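Please model the entire structure based on the sequences and the hints provided.
First to last, the protein sequences are chains Z and S.
Quick note on numbering: our numbering labels position 319 of the first sequence as 319, and the sequence is numbered without any gaps.
Quick note on numbering: our numbering labels position 223 of the second sequence as 223, and the sequence is numbered without any gaps.
Derived from the structure by calculation, the hints contain no laboratory data.
Pairs of lysine-lysine residues, derived as DSS-like cross-links and limited to a Cα-Cα distance of at most 30 Å, are as follows:
1) Z:130 - Z:92
2) Z:328 - Z:315
3) Z:363 - S:183
4) S:221 - S:183
5) Z:363 - S:80
6) Z:282 - Z:168
All figures in this text were calculated on a predicted structure; none of them were measured in a lab.
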Amino acid sequence: MRSCSPILAVWLLLFAGSSAEAQTKSGPDSLVARGEYLARAGDCIACHTAPEGHTFAGGRAMPTPFGTLYSSNITPDRETGIGKWTAEDFYKAMHYGRFPDGGLMYPAMPFASYTKVTRADTEAIFAYLKSIPPVNQRNREHDLRFPYSNRQLILGWRTLYFSEGEFKPDPTKSAEWNRGAYLVEGLGHCGMCHSPINALGGTSQSDAFKGGLIPMQNWYAPSLTSNREAGLGDWSIKDISDLLQTGVSMRGVVYGPMAEVVHNSLQYLNDEDTRAMAVYLKGIAEGSSPPPASSVLPTSESSLLVSLGKTVYDKHCASCHGTQGEGKPPHWPPLANSQSIEMQSAVNPIRMVLNGGYPPGTKGNPMPYGMPPFAGLLSDNEIAAVVSYIRTAWGNRGTPVSAREANELRSAPLN
Amino acid sequence: MFARTIALAAAIATLTAFDGAVAQTTSQPPDTMAARVEACTPCHGNQGEGTSDVYFPRLAGKPAGYLYNQLLAFKNGRRKYPPMNYLLEFLPDPYLQQMADYFADQHPPLPPVAASDASKDVLQHGQSLVSRGDPQRQIPACGSCHGPALTGMEPGIPGLLGLRPNYISAQLGAWRYGTRTAKAPDCMQQVAARLTEDDVTAVAAWLASRPAPVNVAPAPKGTYVLPFACGSEPD
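What follows is the structure, encoded as structure tokens:
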């Protein structure tokens, strides 16, 4: 993509001010361009390209609780890719999760979300994929444990968790809200992470966007509906849009697996679509916050932890995040009144202290500032103390965490 | 009059508070590379001079091309160390180049040489491999690529001084076991594959026992001819 950017720049110059016209043009080039844009929105590249591998040639290992899946080659190679597929075959894959021969796809392919994508958009993505260079690379066999290696089990999963059907706009909502809903629920497949995953690897409808621990990665994908997690009810549309498009905002920055989503996908969406997603995400936040959770730690232990935590904080954290947790946003995020810090699951704040991290480099923020990893500098007890402190100081309503929780996350996978 | 004074005072107080809030929210981190690479400092030191952890290397003053190759290798998973792979995964290549340039430009003094607990024989074996290699086993002298003064050569060959024995032997091990790889021909992989455990221990101990030369800067590109092709140092 990087090598294409001068061409893209010329294209943008030529079409500056006439993007609406470009979108409605019906020539094959504009169909391909629209397909490329939509493939970005669907983040196809994240799974279908292996590290240092050919774009869309597949082969990326995807560890799951059931074994390792390997993504498939979706370049137009006739022998090993989707070169022999028809537009109808591709629609069946996206909409029903079935191969051209009728075989069932594993739900690691987010067809439960992509089923909402319109036929026109699916055809544009197909036209784009047909236009990229074919790569002859055979798909690698999945490595699943018994009994998950039996594809018949997918039938059961589908009965429980898959309901086929294109997105139906809600006539009581604005066109912008509906566009945002279409992107978030469909191509964006946000629910794949931001919904609780049960032991069967599925998400039930009533739990959509309620948050959950991402299997194998041990990052917590916060609820998009609860204002105590990543619910965006009290965020401005600008802050939400900034977060999605640049990775940083005045309220917080993206990290962990969400950094990848912004890096590969969201930074490429135009202002209108970004805003539509922001409007929808703000709209689905629930009105009232549930009461703060109570701590599992005895009070005496908590107060000792918090007092040690302040010492650690003043020494290592305050120079960037401020003595009052105010930060220097957007680059050094605030910790006071931060949902990411306060939410019931302390997994993410503990991991940020242990592992540090950089927000993704994006067009809007090409040289991000990073958080140092403290795993080597701080003991389990100090990590627990400083996380307990930031979760309870400055009016934050989180709960203290134990040294054991900090210790367990030292071995969480980093990639 | 009193009421107006109160109102005015209140207005001023409000304005001041408002000013404070604005000043606070517009306060930004320094627009410098130093502030941007703070994430590197707990392990590599404030100026890339290294820390007390013997497995984390000095970065300061190494050739920018070498540092950039390593940053890219960590980003792409070619060099495997999960904490580094994780940090760099979503950073643009031009930004990695700037990070490399930044650390290449830092010149904190080399650390004092720590007393070696290696025996005289081991050090002698190390010295022999570093300065002469072992032609019979096709092991080149370290100095034939890393320079007679072992300070490296621009753009891609790092200096070997100021590193601790644990780091050096861990890296030679990483080449032998394939967790550290570089562009083909992967010359260090070829060399490391010919070393025994004892060779590695001896080379690491001898290198770490060397005092800093007067000029620690890497030699300019093309100062000497390499004994064989190396993907990290293109012609």
